[in-house]
Amino acid sequence: MSGKRSSGLIAAWLLGASAIGLPGQGYAATAEAATDQVRARLVASVDAVHPGAEILLGVNQRIIPHWHTYWKNPGDSGLATTIAWQLPAGAAAGEILWPVPSRFTVGPVTNYAYADEVTLLSPVTVPKDVAPGGVFPVNATVKWLVCEETCIPQTVELAISLPVVSGPSEAGQGSPLIREAQASLPVASPWPVSVTYGQDAVTLKIRGKELKPERIAEVGFFADQWGRISHGAPQERFFDDDGISLKLKPGEDPAPGAVLSGVLVVTENSADGPVRRGFAVEASPAGAAAATAHEGEPELGLASALVLALLGGLVLNLMPCVFPVLSLKALHLLKQAEESRTRTRLHGLAYTAGVLLSFAALGGVLIFLKAGGSAVGWGFQFQSPLFVLATAYLMFVVGLSLSGLLELGGSAAGLGSSLAEKRGYSGSFFTGVLATVVAAPCTAPFMGAAIGYAVAQSPVVLLAVLLSLGFGLALPYLALSHWPLLQRHLPRPGAWMETVKQGLAFPMYATAAWLVWVLAQQAGSHVVAVALGGMVAIAFAAWTHQRTRWGSPAARRFGSGVAAVAVFSALAVGYTGVTGPLADVSAPAEASAGKNWEPYSAARLQALRAEGRPVFLNFTAAWCISCLVNEKVALSDGAVSEAFRKGGVTYLKGDWTNRDPEITAKLQEFGRSGVPLYIHYPAGKDSAPVILPQILTPEIVLGAISPAAEVANSNLTFIKE
Amino acid sequence: MLLRRLANIVFVALAFTAPAAAWAEPVVDKPAPEFAGKTADGKTLDLKSLRGKTVVLEWTNHECPFVKKHYESGNIPQLQKDATAQGIVWLQVISSAPDKEGYVDGATAIKLNKFRDAAPTNTVLDPEGTIGRLYGAQTSPHLFIINPEGVLVYKGGIDSIPSADPGDIAKAENYVKSALSELKAGKKVSKSSTRPYGCTVKYAS
Chain A
1 MSGKRSSGLI
11 AAWLLGASAI
21 GLPGQGYAAT
31 AEAATDQVRA
41 RLVASVDAVH
51 PGAEILLGVN
61 QRIIPHWHTY
71 WKNPGDSGLA
81 TTIAWQLPAG
91 AAAGEILWPV
101 PSRFTVGPVT
111 NYAYADEVTL
121 LSPVTVPKDV
131 APGGVFPVNA
141 TVKWLVCEET
151 CIPQTVELAI
161 SLPVVSGPSE
171 AGQGSPLIRE
181 AQASLPVASP
191 WPVSVTYGQD
201 AVTLKIRGKE
211 LKPERIAEVG
221 FFADQWGRIS
231 HGAPQERFFD
241 DDGISLKLKP
251 GEDPAPGAVL
261 SGVLVVTENS
271 ADGPVRRGFA
281 VEASPAGAAA
291 ATAHEGEPEL
301 GLASALVLAL
311 LGGLVLNLMP
321 CVFPVLSLKA
331 LHLLKQAEES
341 RTRTRLHGLA
351 YTAGVLLSFA
361 ALGGVLIFLK
371 AGGSAVGWGF
381 QFQSPLFVLA
391 TAYLMFVVGL
401 SLSGLLELGG
411 SAAGLGSSLA
421 EKRGYSGSFF
431 TGVLATVVAA
441 PCTAPFMGAA
451 IGYAVAQSPV
461 VLLAVLLSLG
471 FGLALPYLAL
481 SHWPLLQRHL
491 PRPGAWMETV
501 KQGLAFPMYA
511 TAAWLVWVLA
521 QQAGSHVVAV
531 ALGGMVAIAF
541 AAWTHQRTRW
551 GSPAARRFGS
561 GVAAVAVFSA
571 LAVGYTGVTG
581 PLADVSAPAE
591 ASAGKNWEPY
601 SAARLQALRA
611 EGRPVFLNFT
621 AAWCISCLVN
631 EKVALSDGAV
641 SEAFRKGGVT
651 YLKGDWTNRD
661 PEITAKLQEF
671 GRSGVPLYIH
681 YPAGKDSAPV
691 ILPQILTPEI
701 VLGAISPAAE
711 VANSNLTFIK
721 E
Chain B
1001 MLLRRLANIV
1011 FVALAFTAPA
1021 AAWAEPVVDK
1031 PAPEFAGKTA
1041 DGKTLDLKSL
1051 RGKTVVLEWT
1061 NHECPFVKKH
1071 YESGNIPQLQ
1081 KDATAQGIVW
1091 LQVISSAPDK
1101 EGYVDGATAI
1111 KLNKFRDAAP
1121 TNTVLDPEGT
1131 IGRLYGAQTS
1141 PHLFIINPEG
1151 VLVYKGGIDS
1161 IPSADPGDIA
1171 KAENYVKSAL
1181 SELKAGKKVS
1191 KSSTRPYGCT
1201 VKYAS
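Going line by line, the protein sequences match chains A and B. Position one of the first sequence corresponds to residue 1 (this note's numbering), numbered consecutively onward. Position one of the second sequence corresponds to residue 1001 (this note's numbering), numbered consecutively onward.
Excised from the complex, chain B in its bound form (with noise of 0.2 angstroms):
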């Protein structure tokens, strides 16, 4: 009876110190923490439904001068087009609450990216934030790859020079583009956690 009484206290004790662990940001090499979204066109995206694709998330804010060094330079365009292209499904998230910076609904969100030439997969609208604090997003771009297995295997930022001049772009080494040639190779991505920069993203309050 007391024998068990003790288990219970310990069983109570491991209870507190597990959801620490699971309340963490996702940690690389382990599976990417399942969500479903609104998407700008309106359906439902559930991540278990993209098993068998690599998944590039991107946290995104048209208004940010980070963002938009790299939309107007077309960088990410660009690596949005190469990476669909191959079938890699590249989603934008935006994770901007409703009267902050870089909040936008499905149309002007569609509407954005024409203008921007810029070619996701899809958008997903996460005005509560759900989706970015599950993912421990913090700037906009912060970049999260998934494998087709379903494990994370990068996050951090777009590239190695934090800055906002757009001329850094050439300069810098674009780890987003350096995970998905080493995971198209079939390798293990070599800088697999990066220093995401950016602006903050502005999650509801």
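Looking at chain A on its own, in the form it has when it is part of the complex (with noise of 0.2 angstroms):
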């Protein structure tokens, strides 16, 4: 087995040299070279160059299947390919521009590689003085690894030879491996990036508001240089409101603080299945000139995240959502002071039980909706209107429970604060429960550093700081129900109680208040008057029951009725309220300024066809990511939008966001199911309509739409000469 490698390597290295040039044929003369893995094919983005002119050249190489060539960066072992140009006096070569890599992983090593084909391309400047009628000869010595368990380094010789014309109308259309290769290409990043460097991890953070779970099937990143991340370890990924955030390892050269570039590949669902795409990043360091408050949280140590875990748990029992809980839970104690030393203990413990368990459910369920994907960070329940709206509800009840004007006897089961009502440890239990469905929505401003942290991590890590803020938040009543010494600092129960107990009301009352602006913000201003409406219907149901409780058998079921029906139509007119059809939808708003494009009409189009005129033709969705980048990245383009004036472009745009069987229709007719669909139809009645690639640059743009001489002024002229 061994011998066969052996030979086959020699046979490959003394085939490596043999090249086989077509010098003088003219047009696009390829030469090409294979070894037993590759076949390398020097290729040009014009049949013919004139004085002056700027060319792309490329290295195409077909790779027989298993094998690969190299990346800038190869990863852990490998070689990057290098091309050494043999040009005229006077030319001048540039570096390879290099297509997105993907990785190969085998054992420990991770290499970033190309397998199957790939085409390197390197832009060429022809020297002013070539003389129209002679000849320009490119030579190319290529080396690469090519690799599959077995590594060999292989060199060929390639050749073409361009003939000379004298200006760019004649430059002809070049290979089409070169357009091929430039949709290959990363394309700048549309969304900002910075990077944050940890004791245990690089995090990149790619902001962009339409990087949502369900729409990115995978993203990951490609450091092009050696030993900045490690190139094998899994790349964690996390989904926020900002975007993304994506969790490198360190690789042996880190580099902190310095600016880590790469390409950022991210794998979109569409309807067509996956598209994938890179992104050239460069990512500063957060912290830096761009960071905004919200992204310059510190990295924490597990450590330091659970003692300020512990702490914040501590201050937060004095935050105006818990503390009326808490003092309710004191005055309790209060009562209690004559029941025996265990039984308090009991007490303090249960409740504790009440808080750990209540942030370790909430623990479970952001881990779960983690797990599958969700966009969640803390508070993510109050993400949800319908929540906010009962969380309001309940402080309500609390607050009118508090002020006097509701006492609910054991028989009204159902809410918290009944529970939390009870004498016995059970109700010590539910109190903590109470806390911490209060306490949720002070946490998230307060521990945003913990919290931030915690959700990056594994879910054991963010199971420890939230039981660990959980028990700072118990623990002032678990300290004062174990130590006698803690309670005979307490006041004297008396009449006081009281009054302490009522004016404690309004703070509840505050948080409820709150948590209606809250919901105001989340889905339009009428869920005011519902939730409103609803505390009304509320106080009236406790008032009922209030003015009944006391009274006959008759009066009191006559008054536990009124109170259900008032409750059932606060929770009911709550419910169709905040999901029904008035709750606010904000429609994406389109920036009008600098518009370069019409909406589509199939009228309109058939009106500029009839006229000849050219039509650019762009299918969009706001759903659809490669749209808005395709859109952001090359139809707004400058020299686009330029192309599009001259050459007297009409840039129609259907909005596929909701349904509209006129653009279906359309897509249909191009054999497509969905967007994003690119269509150019150059000018005259009858021409022939172009279809874009899905990926577009603005090279490829105007590629399309320009006539060859049109574009010869631009900046973007590697296309056409």
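Derived from the structure by calculation, the hints contain no laboratory data. Warning: the hint list may mix true and false statements.
[Unchecked claim] Quick list of in silico lysine-lysine cross-link-like pairs, DSBU-like style, CA-CA up to 30 angstroms:
1. B:Lys1030 with A:Lys249
2. A:Lys72 with B:Lys1191
3. A:Lys72 with B:Lys1171
4. A:Lys247 with B:Lys1030
5. A:Lys249 with B:Lys1188
6. A:Lys247 with B:Lys1177
7. B:Lys1191 with A:Lys249
8. A:Lys72 with B:Lys1177
9. A:Lys143 with B:Lys1171
10. A:Lys143 with B:Lys1188
11. A:Lys143 with B:Lys1038
12. A:Lys646 with A:Lys666
The two chains are supplied separately, each in an independent frame; assemble them into the complex guided by the hints.
Right, here's the structure in full:
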């Protein structure tokens, strides 16, 4: 086996030198050379050069199955392909433009490489003094390492000769391989990307509201320098409202504080299957100029996160949302002063258990949602308007109870507050649950750093931080119930307790009022009426219940009935009000400034075609990320707008965000089931439409819409000279 | 009781994060991972028993063109001779799995070294890839230097020009040679972590 490999290796080395040139053939003469594993071809973006032209030369490699050649950072092993150009005097070649690579993992080794086929482009400047009528000879010594299990270094010589013509109009189309290669190059990232260097992680933050878990199938980062990140380590991704965070393991040479450059590969789910696309990224360290307060959160270790969470939990007790609940419990403790020490301690433990279990439950839901790829952060439950409304009602009910307007008996079960009023251990337990429920909204702004850290960690760490937070929350009461010394410092029970209790109702009302405001932000102003109406109904229910509870059995039944109807209507109206059709749906606002397009309609297209005017069609949708990226990167490009204007091209945009049968029909006409679709109708009544690729660059659009001569003055003349 | 339970939870959380650190590849300036392995001459070699000596670990695979570059040019054999003459222990490690490129038995390993005029102190056979994975060896060659205190002081490539061309050896900075002479002079290794290059180590999958 190894003998066979050795001989193959020698053969490959011998073959490496063979090159078949086709000099003097004229139009885009291609030169090919082949080894056992790779067939290489030299191609150009033109059929002929002219003085001063900027052209692209490409080395196309076709690689046999299972083998690969390497990207500019080959990863753990491997070698990047090199091209040494021999060009006529005065001509200069630029750096290789590398297409988006793929990951190849063999055991503990991960490489960044290309399989099957790749074209490496190099920009070349033709000197101004080349004489038309002559030839422009190009030679390239190309070295690569091709590997499967075995690695073979190979060298080939490639040559082509391009005729020299006087002007760009005679330059010709060049090789289609060049355009294909251009489409495989990474484009500039439309999203701001920043990097944070931590102890165990290098975190890339990609900010883009359209980056949602349901749209993104895969995200991966390829650092373009060796050692910046661990090439093989899994890259964990986390979605939030702002975009995606990618957690990378530092490599051998992480260079903390430096700009991290490379290619971000995003695979998007589209109607026609996944679309993979590369973005050139130069991530500046977060906290530098562009970072927002949101992003500058310090990187924490687990130990400091646990301590911070504990302290945070302690301080939470003083927050307006929690304080009344805790005070409620402290008052109970005073009443229980006569109870045995053991019983008091058990109450403290029950309360703590209530808090910890609630935090654990929240953590569990969070982990579950995260595992499902949802964009969750702490306080995620408050993203649901229904939950906010329910909490507002609950706060209001607790307020009423503290005010003395509602004394809930053991029979009126169902609400946390009523359970919290129970005298037994379950009462203490549910007070803990209640404390957690009301503490959660306060937690988010207050505990930002620790929670932010925890959400980005493994489930175990997340749970540990949450439990530490919960323990901090429970600690004061736990301490009070455990140490008689502390209890002795509590004031003596008395009539003042009733005053304090009534006073504490007001923070609860305030919390309820705040939640109604939150609700208005979430679901529109009409829900204020719904929520307040619901509260009136609840207050009415409380009053009815209170007025009838000491009456005759018939009166009690009547009172309970009326109260139940009132509560039910509060809930029903609340539910429909919050989830119903009146709820605000924010429509994506289209920027009108600098608009270079008209809305699509079949009639408009027909009219333009009848006049023989050139038309560029763009079918897009707000939920299609490729579409948005193409619009940002290619179609809004200055040179492209300019070319549309100059060429008299009408740019029509069809929005398929909502169902539109006219657009659906047009898509079907071109054999498509979804967007994006880009079509160019050149000038002339009967011109054949040209379908553009689903991934656009300014060069591709310019190449498609411009007759060869028109772009000569633009700086984007790589496609056609 | 609850306090203890919480402490347990925290410990469990810590325990989950700790192995990640132990699992990572060896870190420069930290103790080198201990290992014991079978040598080409049929003995067992224990890294601990070499405490007090500088140890060089060289991952190799005689069929790899990059290894050939450094053996056929005489570069690595010369380094081995210079090192062993100073009392440095130079160990070749072969992590190629049976049936994979570069796998040899002990007798063949010794014969190969004789044929190539190579002079390592010994050859460690690691067909299961245990030592290779312990050190995170990725390429052949891939070099590690452990100082007499058992601390890893260098990991990385043989030299500064990653290529298969023997013509580049003279132009390149030989990292291993520099590191060994810095160690001899009692200095800290200045380039202690460099990019290894070569063929992928052919581990058992």
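Hint by hint, work out which the structure violates, then give me just those numbers in ascending order. 6, 10 and 11
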